[in-house]
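Please build the complex by placing chain B on the supplied structure of chain A, with the hints as guidance.
Protein chains in written order, with my numbering: chain A, 1 to 351; chain B, 1 to 253.
Treat the hints with caution; some may be incorrect.
[What the hints assert, rightly or not] Within a straight-line C-alpha distance of at most 27 Å, the following computed BS3-like cross-link-like pairs (lysine-lysine) qualify:
#	chain 1	residue 1	chain 2	residue 2
1	A	K41	A	K7
2	B	K247	A	K41
3	A	K199	B	K7
4	A	K273	A	K346
5	A	K229	A	K156
6	A	K22	A	K199
7	B	K247	A	K22
8	B	K247	A	K42
9	B	K193	A	K199
10	A	K199	B	K189
11	A	K203	B	K7
12	B	K7	B	K189
13	A	K189	A	K229
14	A	K229	A	K295
15	A	K273	A	K315
16	A	K201	B	K7
17	A	K22	A	K156
Think of the hints as simulated: they come from the structure by calculation, not from any bench.
All of these numbers come straight from a predicted model, not from anything done at the bench.
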Amino acid sequence: MERNLMKGNEALAEAAMRAGCKCFFGYPITPQTEISAYLAKKMQANGGVFLQAESEIAAINMVLGASATGTRCMTSSSSPGISLKSEGISYIAGSDLPCVIINVERGGPGLGGIQPSQSDYWQATKALGHGDFQLLVFAPASVQEMVDMVVKAFDKADEYRMPAMILADGLLGQMMEPVTFPEISVEQKPKPWACDGTKMKRKHNIINSLYLQPETLENSNISRYERYKKIKETETDAEIYLCDDAEIVVTAFGATARVAKSAVNTAREQGIKAGLFRPKTLWPFPVKEINEACKSAKNVLSVEMSMGQMIDDVKLALECRIPVSFFGRTGGVIPKPSEILEEIKKLGGAE
Amino acid sequence: MSVVFEKPHSLCDVNLHYCPGCTHGIIHRLVCEVIDEIGIEGNTVGICPVGCSVMAYDYFNCDMIEAAHGRAPATATGVKRARPDLMVFTYQGDGDLAAIGTAETVHAATRGENIVVIFINNTTYGMTGGQMAPTTLPGQVTQTTPFGRDPKVQGYPIRVCEMLSTLSGTALAQRVAVDSVPHINEAKKAIRKAFENERDEKGFSIVEVLSTCPTNWGLSPVEALERLRTDMIPYYPLGVFKDCDAKNPKEEK
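The following block holds chain A by itself, in its conformation from the complex (with noise of 0.2 Å):
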């Protein structure tokens, strides 16, 4: 297969439209500009739509819209645009629509930085929005896996008809590696629920997130979270390194997990029982594949770019257990090999 250099926004736009996405709206912000210029530049001779939106807030509605149709879409911001885009991925989620979310996070809180920063990962598994739901949450830790992801994340979406969203930060939106783009069968299932027209054929469709009566509110929140329970036990997915006989186990994930692998690597070669636990999906957490990571684990710690966020799933799936400390670098600063070997030795693995 062919093997191309592309930079990590550009390769998932294009991953993208193979996967059949005819339409992308979204707004300017750094750092995922390259989404939208290669877009801008592409969609329209791929027989899809590029527009600009005038707020993020207009361009997730406009998702909204054309997901309502039955076509797939997409948007890409970050972290201060995906604050505004919160109000239409609600919706989204209430009225059981598919559709892609790209965040190339960003440091913050408020305008923060433009520097790599994984300091929404609350906000991505476990707030985004008002009300009761949850996206799925991919996490890419190199451009091959912007692409494969974004893929991934369109099947899903439709399969489950629940936002996805791709949590990648600047660094990997903004490197470049070399990428293969599978095959992709961009046959689609059909969607009887989309607003497409009834023809006068059959009764109209409603796509709706408005329940007056608590009861009926609350019957479609259950069904919705049966669907979730359905997703936690078959799509969660990690990479499990050298944990086999690992004392200390590593957690992190998307760009860090590729730092905090060199630190783990090091610290095998100075006969520290190291290794390294990366949550593929953040949304479901992969529960069961960290206590398999961690069967022979004293010690985890969990390295973010954030100030420490994930480690509460990771306490929470080993139901505390295994002592977990943190190491976090944050506002666009990202941690070093050396940083974190120095943490794994401090947890005991220096004798």
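Same frame as chain A, but now just chain B:
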């Protein structure tokens, strides 16, 4: 025996939840008559607002989407861009369209989105119990202007059609009222023109309908219609503010 009058097919056969004397029912009917007459029910997608007409998805027989507050023009844009073959209309109140959704309204118009916007102006937030709207008249008492709207404090009401008529993407900006039979007939013609514009791909069409809210105005239905004539029309003059083919402008550059 010939049928001389019947319920439009595109209007669902259900009880509407609107208050006695409210003119939403008339406007729903006008929209549905036009949809029937042009023969587009099977190819139309309507977008509901948040506000009194939030449940209009149960009343229109075409496919319907419930938008977030103020976002209907953005949602309509998404539908229309994804499927230009569909006819798309929004049905929005004044708080939805001219306060929280101002940006979505203005930009859908300036892009010349090929959609129809039916805009209900009744100078109040009806659903939430009668607060000040962006269209509330100076001096008007509402729940949040208990001493009357004071332009020095709360500013002035927005004349939406006049504002949107300045934008090149707007094909039709017309204000009508539903207080009398001649006005209702005029309103229907305007709504028909808006849908024909969309069919003919002329650009963004908005029909502003001056409407009543007897409940929150604290007036009888008859008094409410009288207020529409004596208070609203002088501030919101009826008429056509723009009527052109925005996609093929002759004089505009």
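The hints, checked one at a time:
1. A:K41 to A:K7: Holds: K41 of chain A and K7 of chain A sit about 15 Å apart, inside 27 Å.
2. B:K247 to A:K41: Measuring from Cα to Cα gives roughly 23 Å; hence the hint holds.
3. A:K199 to B:K7: Holds. K199 of chain A to K7 of chain B sits at ~20 Å (cutoff 27 Å).
4. A:K273 to A:K346: holds (13 Å)
5. A:K229 to A:K156: Status holds; Cα separation ~14 Å.
6. A:K22 to A:K199: holds (23 Å)
7. B:K247 to A:K22: Distance ~24 Å between K247 of chain B and K22 of chain A Cα, so the pair holds.
8. B:K247 to A:K42: Given pair K247 of chain B, K42 of chain A holds - Cα atoms ~24 Å apart, limit 27 Å.
9. B:K193 to A:K199: holds (23 Å)
10. A:K199 to B:K189: Given that 27 Å is the threshold and the Cα spacing comes to 25 Å, the pair holds.
11. A:K203 to B:K7: Distance ~18 Å between K203 of chain A and K7 of chain B Cα, so the pair holds.
12. B:K7 to B:K189: holds (18 Å)
13. A:K189 to A:K229: This hinted pair holds, its Cα atoms lying about 22 Å apart.
14. A:K229 to A:K295: Holds, at about 25 Å.
15. A:K273 to A:K315: Distance of about 21 Å is within 27 Å: holds.
16. A:K201 to B:K7: Holds. K201 of chain A to K7 of chain B sits at ~20 Å (cutoff 27 Å).
17. A:K22 to A:K156: holds (17 Å)
Going down the numbered hints, you'll see the structure goes against none, and every one checks out.
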